[in-house]
Amino acid sequence: MLKRDNAVNIFKRPLFALVVFFCVTSLFFCGDYVFAEGYVSRDAYVSTGAADARILIPIFADDSASSSICSLIYTGLVKVDKNLEIEGDLAERWEVSPDGLAITFFLRRDVRWHDGTPFTARDVKFTYETMLDPASGCPYVSSYSDINKIETPNEYTIKFHYKKPYAPALLKFGMGIIPSHMYSEAKNIRDEAVGKDPVGTGPYIFSEWKRAEYIALIANQDFYEHPPGIKRYIYKIVPDESVQFLELVSESSDAMNLTPYQYFYRSDTQRFKSKINKYSYLAHSYSYIGYNMKDPLFRDKRVRQALSYAINREKIIDAVLLGLGEECTGPFLKDTPFYDETAPGYDYDPAKAKALFKEAGWVDADRDGVLEKNGKKFSIRISTNQGARIREDVAVIVQDQWAKVGVKVRVQTVAWAAFLDAFVNKKNFQAVILGWTIPIDPDLFSVWHSDSIGENGLNFISYSNKKVDKLIVAGRREFDQEKRREIYRKIHNHLAEDAPYTFLFFPYALPAVNKRFKGIEPAPAGISYNFIDWYVPESEVKYKF
Amino acid sequence: MKRYILKRLLMIIPMLFGISFILFVVMHLAPGDPTSIKYGMNPEVSQSARANFDKMYWLNKPVLTQYVLWMKRFLTLDFGRSFIDGEPVLKKIMSRLPATLLLQIVSLLVIFALAIPIGVYGAFKKDSLFDRVSTAFVFIGYALPGFWLALILVFIFGFKLGWFPVSGMTPWYTEYLSVFGKIKDLLWHLVLPVTATAFGSLAALSRYTRSSMLEVKKENYVLAARAKGLTEKYITSRYILRNALLPIITIAGLTLPALISGSFIFETIFAWPGMGRLGYEAIMSYDYPMVMGTGVIAVGLTLFGILISDILYAAVDPRIRMDK
Numbered sequence: 245m246l247k248r249d250n251a252v253n254i255f256k257r258p259l260f261a262l263v264v265f266f267c268v269t270s271l272f273f274c275g276d277y278v279f280a281e282g283y284v285s286r287d288a289y290v291s292t293g294a295a296d297a298r299i300l301i302p303i304f305a306d307d308s309a310s311s312s313i314c315s316l317i318y319t320g321l322v323k324v325d326k327n328l329e330i331e332g333d334l335a336e337r338w339e340v341s342p343d344g345l346a347i348t349f350f351l352r353r354d355v356r357w358h359d360g361t362p363f364t365a366r367d368v369k370f371t372y373e374t375m376l377d378p379a380s381g382c383p384y385v386s387s388y389s390d391i392n393k394i395e396t397p398n399e400y401t402i403k404f405h406y407k408k409p410y411a412p413a414l415l416k417f418g419m420g421i422i423p424s425h426m427y428s429e430a431k432n433i434r435d436e437a438v439g440k441d442p443v444g445t446g447p448y449i450f451s452e453w454k455r456a457e458y459i460a461l462i463a464n465q466d467f468y469e470h471p472p473g474i475k476r477y478i479y480k481i482v483p484d485e486s487v488q489f490l491e492l493v494s495e496s497s498d499a500m501n502l503t504p505y506q507y508f509y510r511s512d513t514q515r516f517k518s519k520i521n522k523y524s525y526l527a528h529s530y531s532y533i534g535y536n537m538k539d540p541l542f543r544d545k546r547v548r549q550a551l552s553y554a555i556n557r558e559k560i561i562d563a564v565l566l567g568l569g570e571e572c573t574g575p576f577l578k579d580t581p582f583y584d585e586t587a588p589g590y591d592y593d594p595a596k597a598k599a600l601f602k603e604a605g606w607v608d609a610d611r612d613g614v615l616e617k618n619g620k621k622f623s624i625r626i627s628t629n630q631g632a633r634i635r636e637d638v639a640v641i642v643q644d645q646w647a648k649v650g651v652k653v654r655v656q657t658v659a660w661a662a663f664l665d666a667f668v669n670k671k672n673f674q675a676v677i678l679g680w681t682i683p684i685d686p687d688l689f690s691v692w693h694s695d696s697i698g699e700n701g702l703n704f705i706s707y708s709n710k711k712v713d714k715l716i717v718a719g720r721r722e723f724d725q726e727k728r729r730e731i732y733r734k735i736h737n738h739l740a741e742d743a744p745y746t747f748l749f750f751p752y753a754l755p756a757v758n759k760r761f762k763g764i765e766p767a768p769a770g771i772s773y774n775f776i777d778w779y780v781p782e783s784e785v786k787y788k789f
Numbered sequence: 018m019k020r021y022i023l024k025r026l027l028m029i030i031p032m033l034f035g036i037s038f039i040l041f042v043v044m045h046l047a048p049g050d051p052t053s054i055k056y057g058m059n060p061e062v063s064q065s066a067r068a069n070f071d072k073m074y075w076l077n078k079p080v081l082t083q084y085v086l087w088m089k090r091f092l093t094l095d096f097g098r099s100f101i102d103g104e105p106v107l108k109k110i111m112s113r114l115p116a117t118l119l120l121q122i123v124s125l126l127v128i129f130a131l132a133i134p135i136g137v138y139g140a141f142k143k144d145s146l147f148d149r150v151s152t153a154f155v156f157i158g159y160a161l162p163g164f165w166l167a168l169i170l171v172f173i174f175g176f177k178l179g180w181f182p183v184s185g186m187t188p189w190y191t192e193y194l195s196v197f198g199k200i201k202d203l204l205w206h207l208v209l210p211v212t213a214t215a216f217g218s219l220a221a222l223s224r225y226t227r228s229s230m231l232e233v234k235k236e237n238y239v240l241a242a243r244a245k246g247l248t249e250k251y252i253t254s255r256y257i258l259r260n261a262l263l264p265i266i267t268i269a270g271l272t273l274p275a276l277i278s279g280s281f282i283f284e285t286i287f288a289w290p291g292m293g294r295l296g297y298e299a300i301m302s303y304d305y306p307m308v309m310g311t312g313v314i315a316v317g318l319t320l321f322g323i324l325i326s327d328i329l330y331a332a333v334d335p336r337i338r339m340d341k
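Read top to bottom, the protein sequences are chains L and V.
Counting in my numbering, the first sequence runs from 245 upward without gaps.
Counting in my numbering, the second sequence runs from 18 upward without gaps.
Check each hint, because a few of them may be wrong.
[To be verified] Each computed BS3-like pair below joins lysine-lysine, with the alpha-carbon atoms no more than 25 Å apart: (1) L:Lys671 with V:Lys72; (2) V:Lys108 with L:Lys759; (3) V:Lys108 with L:Lys440; (4) V:Lys78 with L:Lys670; (5) L:Lys393 with L:Lys440; (6) L:Lys454 with V:Lys108; (7) L:Lys369 with L:Lys326; (8) V:Lys108 with L:Lys670; (9) V:Lys201 with L:Lys788; (10) V:Lys177 with L:Lys519; (11) L:Lys454 with L:Lys578; (12) V:Lys143 with V:Lys234; (13) L:Lys517 with V:Lys177.
What the hints contain is simulated information worked out from the structure, not anything from laboratory work.
Put together the whole structure using the sequences plus the hints.
Set out below in structure tokens:
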């Protein structure tokens, strides 16, 4: 183990102490900015995750491990700041034409690829043309398919022409840019990339990838913002969740995402508390119960509303998340402008639920505790995927809560693959418990528009509301933030009123990070948005190079 | 002998065909499909991308056609590319095989080095304290679920006591270690996985050795040797041990498949970068070419292990020699 006392001191410079002194004093005198001229990155940050990355080319990265490593190696034209507001990255600024049909980006001139080649508009053009080429098999092509033409008026300007205005476009330009000088000759970039070291423009340079063990990156001292505070970034692959936790507490790793159980109970030890900080913030996802709108049982809006009223979300959050989550009423991230706090939220009200059932014709005439209508008992099958403990627990609690208003529930758990194939994709279910991640752009087309009902479509509950369809399309065309906000708040209210889902909760993300890392500032964007500003005070450095 | 080996080698071919066919069909019969697993619930992935993926990997063709296509490529030793990252299956397996072999071979050595002496000693000191303790230990070892034992080992020796690394094989800082340091570090990382892997088989093998010894001890030729006035030491090493160890060779041949199937679990717990974990992850993500690849290699290794033990058996036991 490389501990502080017996560390191999590979990196030693006479000026080092002076630089450190300078850094430390600047810390005292200039607030929290330690990255003065000549700062040299130090120490290593070892994070753990369950799965290996798949491909380190951002336009093909379709899993979270690959995406998070790619975001350190590559940068895009734009990025989001701590408050999820869009800001320039490789692009210094941009202009949207008044008709919304053209977006022009003006690029930074001081950027070089990790191999020293200057970065130009040619790389940007190459990246987007590759994605638009159906032969490349890029999974994100639909986000860019409205692009008509790409022009590069000069080395540092790039102009995208659209067939029709597409407001989510701006955020989609966060996609990492790949170097044209590496891949423009390649027949198939995916195959070409295998066995080649990825080259990007980001704060970290690729160093080593030991399959199924770790990915090692090293700080890019010439990164255009400032050199990252931490010299080495290691992503260590530990498939077993409980082993990950042991690695964290025994300090062979520095960070992981905790489960609510680990956060609440396992971390309440002296050993943990003395070395590790816990954070919690709203994860960009929500859980819900979805009703199959094709099922005659759920056709009546009052029935869906009644089912929502009969659910005590607070109890669910306390029981399955140990309180580490917040109630949810709509498909947008809480605390963003699109989420309407005033939308109807179905606070737990069994009396109201019973009244609505009665209005819809469901009454318990034979007094056996289960509602009937035309001689048929009210019974629902809830399906969810096996292995998702939280969802299975939610199902059991819902079963209990609905029983109190006279609804009989059968819970069915199926392995994920079979669940998708035989139930969700074939729309062969009554109610499902599932979750969605919430993209930063509020566009809802793929989940809520009636055009997404088709086979394999993500609107598998077959929700169709002409007004919502219209609003979704309008939201895609509107660049004015204020007007967009109004559109999505209206959608939120429509969805709340129609109750095709019972929105349950936003869970908290629960990262834990070793205490020697400073500069972590939790924000709506999470904690890793300012990773390059994190640093370890000289006296606490663990790994010396 | 040569003809026997050749015959056995030829027998492997139809067996591989049969097993690969069953594997292929079972995998495709399981509900679920790789495209849904890969892209199922991702709102950013379009339908056209899904269809494109299906086409790229022939997933839109009937299962039998897919099998024929797979077999055609397999005959040229082309296992195709993984669905997950597009890398050639064979390359991935080859990069992961050494880690598995290292773990298995060290475990096998440990099993033999410990199991046989324990069994032999137990047989000679039948009903002694050592025999009773080792019998109890063996039963416990046999009854414990392997994954549980692995987690307990990690918890006690890796976490609580901190004697051994919690998981992994080569840490990220190996590049900063000397050659000697690297070897020491690797051995250090081997201790817990080898213990967990070897435990179950160790129990079984020492048990077999013990009962086999006890059985041979009762044979008439041992009695005859004793009557001849040979020393007890000579009888044990020449008469009893030699004959008692014969069946152990067969059992050793069967230990290999058990170790390989065990590696699917242990490698996942210990974050060991071997083939078992590769296979496990492939199954979980419906990565057909990868499942087929690891399956065929695992079956190949197993058949090979059994073949070796049969040949050894024939070599040491004159009674079952195949030559005329």
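Problem set entry | Given hint V:Lys72 paired with L:Lys671 - CA-CA distance at most 25 Å | 24 Å, holds
For this session: With a cut-off of 25 Å on the C-alpha distance, tell me whether L:Lys393 and L:Lys440 pass.
Result: Given that 25 Å is the threshold and the Cα spacing comes to 30 Å, the pair is violated.
Exercise. Quick one, are V:Lys108 and L:Lys440 close enough, alpha carbons at most 25 Å?
Worked result: Holds. V:Lys108 to L:Lys440 sits at ~15 Å (cutoff 25 Å).
For this session: Quickly compare the C-alpha distance for V:Lys143 and V:Lys234 to 25 Å and report which way the hint goes.
Result: Roughly 12 Å separates the two Cα atoms, so the pair holds.
For this session: Below or equal to 25 Å on CA atoms is what counts here, so check L:Lys517 against V:Lys177.
Result: It holds: about 16 Å lies between the C-alpha atoms, which stays within 25 Å.
Problem set entry | Hint consistency between V:Lys108 and L:Lys759 [alpha-carbon to alpha-carbon, up to 25 Å] | 40 Å, violated
Problem set entry | Hint consistency between L:Lys454 and L:Lys578 [alpha-carbon to alpha-carbon, up to 25 Å] | Violated: L:Lys454 and L:Lys578 sit about 39 Å apart, past 25 Å.
Exercise. Does V:Lys201 pair with L:Lys788 here, judged by a C-alpha cut-off of 25 Å?
Worked result: 21 Å, holds
For this session: Below or equal to 25 Å on CA atoms is what counts here, so check V:Lys177 against L:Lys519.
Result: 16 Å, holds
For this session: Take the C-alpha atoms of L:Lys454 and V:Lys108, compute the straight-line distance between them, and say whether it is at most 25 Å.
Result: 14 Å, holds
For this session: For the pair supplied as a hint, V:Lys78 and L:Lys670, confirm whether the alpha-carbon distance does not exceed 25 Å.
Result: This hinted pair holds, its Cα atoms lying about 20 Å apart.
Exercise. CA of L:Lys369 to CA of L:Lys326, is that 25 Å or under?
Worked result: 28 Å, violated
Hints 2, 5, 7, 8 and 11 from the list above are not met by this structure, while the remaining hints are.
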